[in-house]
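*Asks:* If you want the building blocks of each chain, they are given just below.
2 protein chains.
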Amino acid sequence: MHLSLNTVTVKERWGLADCIEGCARHGITGIAPWRDVLQAMGVDAAAKRIRDAGLVVTGLCRGGMFPAADAAGRAAAIEDNRRAIHEAHTIGARCLVMVCGGLPLGSKDLPAAREQVREGLHAILPEARAAGVTIALEPLHPMTCADRSVLSTLGQALDLCDELDEGTGVALDVYHVWWDPDLARQVARAGKRIAAFHVCDWKVPTTDTVFDRGIPGEGCIDIPAIRAMVTQAGYTGGFAEVEVLSKRWWAEDPDMVLPLLKQRIATSV
Amino acid sequence: MHLSLNTVTVKERWGLADCIEGCARHGITGIAPWRDVLQAMGVDAAAKRIRDAGLVVTGLCRGGMFPAADAAGRAAAIEDNRRAIHEAHTIGARCLVMVCGGLPLGSKDLPAAREQVREGLHAILPEARAAGVTIALEPLHPMTCADRSVLSTLGQALDLCDELDEGTGVALDVYHVWWDPDLARQVARAGKRIAAFHVCDWKVPTTDTVFDRGIPGEGCIDIPAIRAMVTQAGYTGGFAEVEVLSKRWWAEDPDMVLPLLKQRIATSV
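Each protein sequence line maps, in turn, to chains A and B. Be aware that the first sequence starts at 1, since it is given in the numbering used here, and climbs by one per residue. Be aware that the second sequence starts at 1, since it is given in the numbering used here, and climbs by one per residue.
Just to be clear, a hint being listed does not mean it is correct.
Same chains, same names: a pair is fine if it fits in one copy or spans any two.
16 Å max Cα-Cα, derived EDC-like pairs, lysine to aspartate or glutamate [claimed, not checked]:
{"hint": "1", "residue 1": "11", "residue 2": "255"}
{"hint": "2", "residue 1": "203", "residue 2": "80"}
{"hint": "3", "residue 1": "203", "residue 2": "147"}
{"hint": "4", "residue 1": "203", "residue 2": "109"}
{"hint": "5", "residue 1": "48", "residue 2": "208"}
{"hint": "6", "residue 1": "108", "residue 2": "218"}
Hints in this document: simulated from the structure, not taken from any laboratory.
Just chain A, same shape as in the assembly (with noise of 0.2 Å):
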């Protein structure tokens, strides 16, 4: 598989024209920006840049977080998510990637934050479509379910993709779903709508939920069996996209780091 650079995985040192001209550096071909960094560089200039650089996009990070205490709150997601449909539009990405979203502030009631992500994805479904943006779902490890993602498990990710049909499929990382006994089955049930493959490790211990992130081939995951089962189940988008949210990795050049995550693509995926 080719590399993809995410570009969180980064993301303390460089912006997006430092990733755009790493990646060519390095011999990267493929990308996938956060919204945060697009927008500083204007989307436009964005997709004028990767475009002119070759690079294939292999998702926009992210849409989702639906969720919201008010119907006011709520709303203003959906907007969120439709401006970010057109910038997946705009950047040619194969993917704008779902993080669906934790329960509100205070929230204990669960059932009705997942029937909020439920509504807000019927609710831009029609704008993806007109656009041709996929609508990645990620399901994330449940150690996110409070405050990130109520979508917890691939099975559940198929579920909606089942409801919603057309223009969606799933981004499945190892990260959140290496642990899953039920994964072999979902993956091989996934098939065609894998629109995004993501690797990095779980490290043994983690010390933090969100940002301890390893590498591939720095933790504990299979890698090359969920890829075995993703390349079986026909993922044919043939790159493995790199996200690593890392404090400790952030710290390091990253002229150090993509030439290690292309070795470790090689090696450990």
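Put chain B on the given structure of chain A with help from the hints.
*Replies:* This is chain B only, laid out in the frame that chain A set:
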């Protein structure tokens, strides 16, 4: 429901004798010791003290930890589980709670670790049945999969119960299962096999993957909703066992914590 005090909740301040006396002082009628404090007192002496105090032993924590890097390690784990079964029998515990174990150090082979858990359970089951000790499989939160428990969901635990049959059940801790989109269905499926009901809370944010649990009411888990599922499924044990691993709560005086827990059982469970 009545409160049962899991001794780990006050582990920094109280040994087992203090816990037994503290339960009497605060009108608490259930206890669940960990093996370290049990062995520190001596199992026979502890059994007598607990019996004399009229306490219900809602569980013994813990058996399990089956996966190991070599056959000798796996055999030692099985031997240790046999001792735990006899301890559970001696103190009249309703069940022996199983924390099944994570990946052997350095291993990435999750299916193999799960198979080792299965084999370990089969190995100890005859002894448990002979002693009349229920083996309570406790699915642990997926964030503990690498280092504590490859048993990650209630559905997975019930699949094992289906296979192991007589003498097995599940220990259901709201902390470990609250996020599960399949929870309601699996609790109903568990039915009378719910051997223990554990409560604590998920704090937002959670700053440690092991030692940052909240007391009931302190976090975002809708405990009454899960209690209703459990009761509806057929749990008639009458106790909610409070098991709080928390550096913050360990620093407090247990004579303050226990009355607070009694109150929270009434208001937040």
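*Asks:* Determine for every hint whether it applies to the structure shown.
*Replies:* For each hint, the structure was consulted:
1. 11 <-> 255: Result: close within a single copy only, 13 Å intra versus 48 Å inter.
2. 203 <-> 80: neither (34 Å within a copy, 28 Å between copies)
3. 203 <-> 147: between (21 Å within a copy, 10 Å between copies)
4. 203 <-> 109: The answer is between: 15 Å across copies meets 16 Å, while 31 Å in one copy does not.
5. 48 <-> 208: Answer is neither; intra-copy 37 Å and inter-copy 43 Å both fail.
6. 108 <-> 218: So residue 108 and residue 218 pass the 16 Å test across copies only (11 Å; inside, 35 Å).
The structure does not agree with the numbered hints 2 and 5 stated previously, though it agrees with the rest.
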